[in-house]
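**Student:** Sequence:
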Amino acid sequence: MEQNTQLELAAQFVHNTNKNIFLTGKAGTGKTTFLHTLKKTLHKRMAIVAPTGVAAINAGGVTIHSFFQLPFGPYIPESNPNEQRYSRFNKEKINLIKSLDLLVIDEISMVRADMLDGIDEVLRKYKDRNKPFGGTQLLMIGDLHQLSPVIKDEEWNMLKPYYDTVFFFSSNALRQTDPVRIELKHIYRQSDTFFIDLLNKIRENQLDKISLAALNERYIPNFKPAEDEGYITLTTHNNTAQEINSEKLEELKGKSKHFEAQIHDDFPQYAYPTEQSLALKIGAQVMFVKNDSSRDKLYYNGKIGTVTRFDDDTIFVKCKGDYTEIDVHPAEWKNIKYALNPQTKEIDEQVIGSFIQYPLKLAWAITIHKSQGLTFEKAIIDANNSFAHGQVYVALSRCKSFEGMVLRTPISQNSVKTDGTVAAYTRDASANEPDGDQLTTSKMNFQRSLLLELFDFSEMKYAFSRLNRVVSEHENVINKSVSITLKLIQATADQDIFNVSDKFKNQLNQFLAEAGLPEENENLNNRVQKGCVYFYDKIEQSIYPESRALEIDVDNIAVKKVVELALENFQRAVFTKRSVMLACKEIFNTATYLRAKSNAEIDFKVSIKTVTPVTKAAAALKNIPNAELYKTIRDWRNNLATEKDVPVYIILPQKALEELVSKLPTTLAELESVKGIGKTKVKQFGKELVTMIVTYCEDNQIEKNTTQLTLTKEKTDTKKVSFDLFNSGKTVEEIAEERGFGITTIETHLAHYIGTGELDIFDIFPKEKINKVIDYFIENKQVTLNEAKAALSDDITYTELRAALKHLEFLGA
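Counting from 1, one number per residue, gives the positions in the sequence shown under UniProt numbering.
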């Protein structure tokens with residue numbers, strides 16, 4: 001395609017700004033070709049959608065409804081968002097939407113205003129809630145003088161209070177963005193200036209009596225072309241086209257030959273590009289419905305010909321003006337969906353279905369609606385009964401020349417319907433076309449907005465504030481380490497990031513006030529580079545690792561979900577800001593920043609998974625007194641809750657757990673004084689809790705004022721008592737019964753002596769099970785007991801796991 005000013009301007013706005021663009025133009029001005037070129041050259045992540053299935057297939061995209069999963073009814077702006085609709089989005093689709101830079105909407109003339117606002121709602125939900133369309137750039141392609149939106153009277157009655165018109169430009173979201181409107185002027189389809197002028201008058205509702213009379217010169221009563229002339233009839237109604245095709249096929253001699261399409265996987269019927277069962281005869285007039293993908297380019301979408309013969313799997317078609325027949329074989333149409341490639345971070349087109357059929361359809365007649373986008377050498381126009389705005393213009397503009405057009409009935413003034421609102425909008429667009437200065441300003445504003453966004457920490461600050469508030473509201477059931485860690489993060493963030501960023505943005509604004517593009521300002525770029533290095537280092541040194549390792553230990557499941565969601569949002573904000581700072585440390589430019597920001601959304605979940613449970617466990621125990629005992633009792637509590645299938649707080653509330661490890665009660669009387677542990681819990685679990693605490697105190701040489709266990713009246717070296725009884729020949733079960741302890745407690749006592757080498761582990765526990773545990777711990781270093789329990793068989797107990805670790809500790813393995 002030859003270069004022209006409007007095409008160049010449109011490409012610059014798409015590539016280098018975030019302005020929403022309405023790309024329009026008369027029929028044949030190259031809008032579709034521009035889109036195909038854009039797909040090959042654009043560095044932004046792009047998805048293409050269209051209002052109908054056929055339009056989507058032709059544009060190489062998907063339908064608006066399938067991509068955004070919009071309901072088919074009207075979208076009422078003041079209605080509450082339908083959360084059930086969002087719940088149908090899987091993580092893959094959400095990540096795809098979050099990474100989207102550019103949304104192309106083809107055939108925008110058929111898109112209703114409320115549908116565009118529905119798209120806005122979904123994009124805000126998963127991207128930036130405060131920006132129209134979530135900050136995603138729109139490229140809207142189409143001609144408002146062609147086919148208009150379809151809407152029922154009852155639907156428009158519901159929407160009238162919210163919209164001036166049904167057309168896309170009345171969208172509330174779009175009006176907030178001040179889109180640029182670029183009209184392509186050069187017409188590639190027609191070269192006859194008389195015919196082009198006539199079409200323009202129809203398009204712009206300026207058809208006077210003289211022009212109408214000139215148009216109706218092509219009315220030829222009872223016109224019956226010869227079969228080999230290749231005329232196609234364009235009619236307003238589908239049943240009329242079908243009747244003409246059926247009658248013409250029936251008139252031909254011989255039997256019809258049927259060709260069945262092969263349909264694989266997901267390819268909806270409404271998007272079929274031709275008949276599923278294609279009936280043809282020799283002599284049938286047919287139209288190609290696909291461009292020839294081979295390098296010979298023997299046919300194009302809309303080319304007319306006649307079936308000459310059949311041979312095995314080949315249909316031969318002769319077109320007027322061609323010297324030879326075209327041998328036609330089945331072609332494939334693909335139904336695609338968009339998916340985010342986790343490796344390349346690019347949006348890939350994945351084929352989810354295919355339609356394989358000969359790229360032909362009967363072509364004595366076709367509806368005007370289905371002719372949109374096609375070009376015909378010769379056509380008979382039956383448009384006097386047109387019922388939709390733009391139908392006459394669409395029909396007439398399919399013809400390459402005035403002489404190649406024949407009117408079946410005269411065109412009346414009433415049948416040339418051009419919506420007055422559309423005409424007014426088009427006039428305004430023509431009077432306010434963007435120029436090079438507006439392009440430069442848009443580039444400048446876009447770069448400035450990205451730089452200010454780069455050093456804006458409000459999202460991170462808000463996410464932290466939300467997390468802090470949620471933790472404060474439920475501090476009675478959340479482990480204290482979380483609050484302590486959050487206070488440390490807040491002190492660092494306030495001093496080194498939030499306060500500094502406010503001062504830095506003031507400096508940045510001084511640079512941004514200078515003339516010229518920010519990317520070309522050397523002094524500004526040096527300042528930006530230093531800023532990125534500073535903030536990256538501050539985030540990397542403390543806030544990033546601290547936030548990643550935060551572990552929430554909550555009794556209440558509902559509270560746990562709320563806190564973990566707030567934590568995830570804060571972690572995401574920190575991760576994203578760290579990622580863009582890292583990317584822009586060397587140099588800032590639009591593409592680098594946008595790509596880093598989009599990649600961060602994709603990479604965040606993966607990064608969280610890389611935090612090992614050991615690291616999280618260590619962070620959870622940080623700032624907790626007697627952390628080892630805390631972990632022992634917590635694991636005991638959690639395991640017991642799992643066995644009894646009850647919430648953990650039923651066994652031991654979080655605050656009681658923290659008070660236990662702080663006060664270290666070593667008698668049942670002291671234990672009963674702990675808030676959250678009454679007489680019932682002392683009776684149920686008192687022996688085991690006291691044993692764990694006493695054992696910990698002895699192992700760590702912690703002296704307590706009370707050194708007697710009131711339960712047994714024994715000396716506090718309770719492990720030694722169990723050890724001596726075992727050496728006297730008693731079994732674990734007998735010792736437990738004699739001492740009034742649980743079997744697990746006795747095994748824990750004896751495990752101490754396995755660690756010292758005074759007892760052989762295989763004298764206490766089954767050899768086969770213990771060897772299995774030992775092999776696992778040797779192969780998997782630094783795993784938690786919970787991980788080991790999950791990986792090994794259910795019949796292996798936590799006591800056996802601890803004993804194996806003691807054994808390995810003694811061996812130095």
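FYI, nobody ran anything at the bench for these hints, they're computed from the structure. C-beta atoms are modelled at their ideal positions from N, C-alpha and C, and glycine is treated no differently. Keep in mind that a hint or two might mislead.
[Said to hold, decoys possible] Result set (DSS-like, lysine-lysine): computed pairs, CA atoms no more than 30 Å apart in a straight line: (1) 687 to 585; (2) 44 to 281; (3) 378 to 337; (4) 631 to 681; (5) 400 to 337; (6) 789 to 730; (7) 378 to 644; (8) 224 to 281; (9) 361 to 93; (10) 560 to 585; (11) 290 to 248; (12) 538 to 663; (13) 127 to 185; (14) 400 to 378; (15) 125 to 93; (16) 561 to 687; (17) 487 to 561; (18) 480 to 644; (19) 480 to 681; (20) 209 to 297; (21) 93 to 40; (22) 361 to 400; (23) 39 to 131; (24) 257 to 378; (25) 585 to 644; (26) 39 to 297; (27) 769 to 781; (28) 255 to 361; (29) 248 to 370; (30) 93 to 560; (31) 781 to 730; (32) 361 to 257; (33) 503 to 530; (34) 663 to 806.
[To be verified] Simulated DEER-style distance windows between Cβ atoms: (35) 155 to 251: 41 to 47 Å; (36) 246 to 43: 46 to 52 Å; (37) 334 to 787: 40 to 46 Å; (38) 767 to 90: 44 to 50 Å; (39) 154 to 477: 51 to 57 Å; (40) 529 to 350: 35 to 41 Å.
**Student:** Hints numbered earlier in the text: which of these fail when held up against the supplied structure?
**Tutor:** 1, 2, 3, 5, 7, 9, 10, 12, 13, 16, 20, 25 and 31
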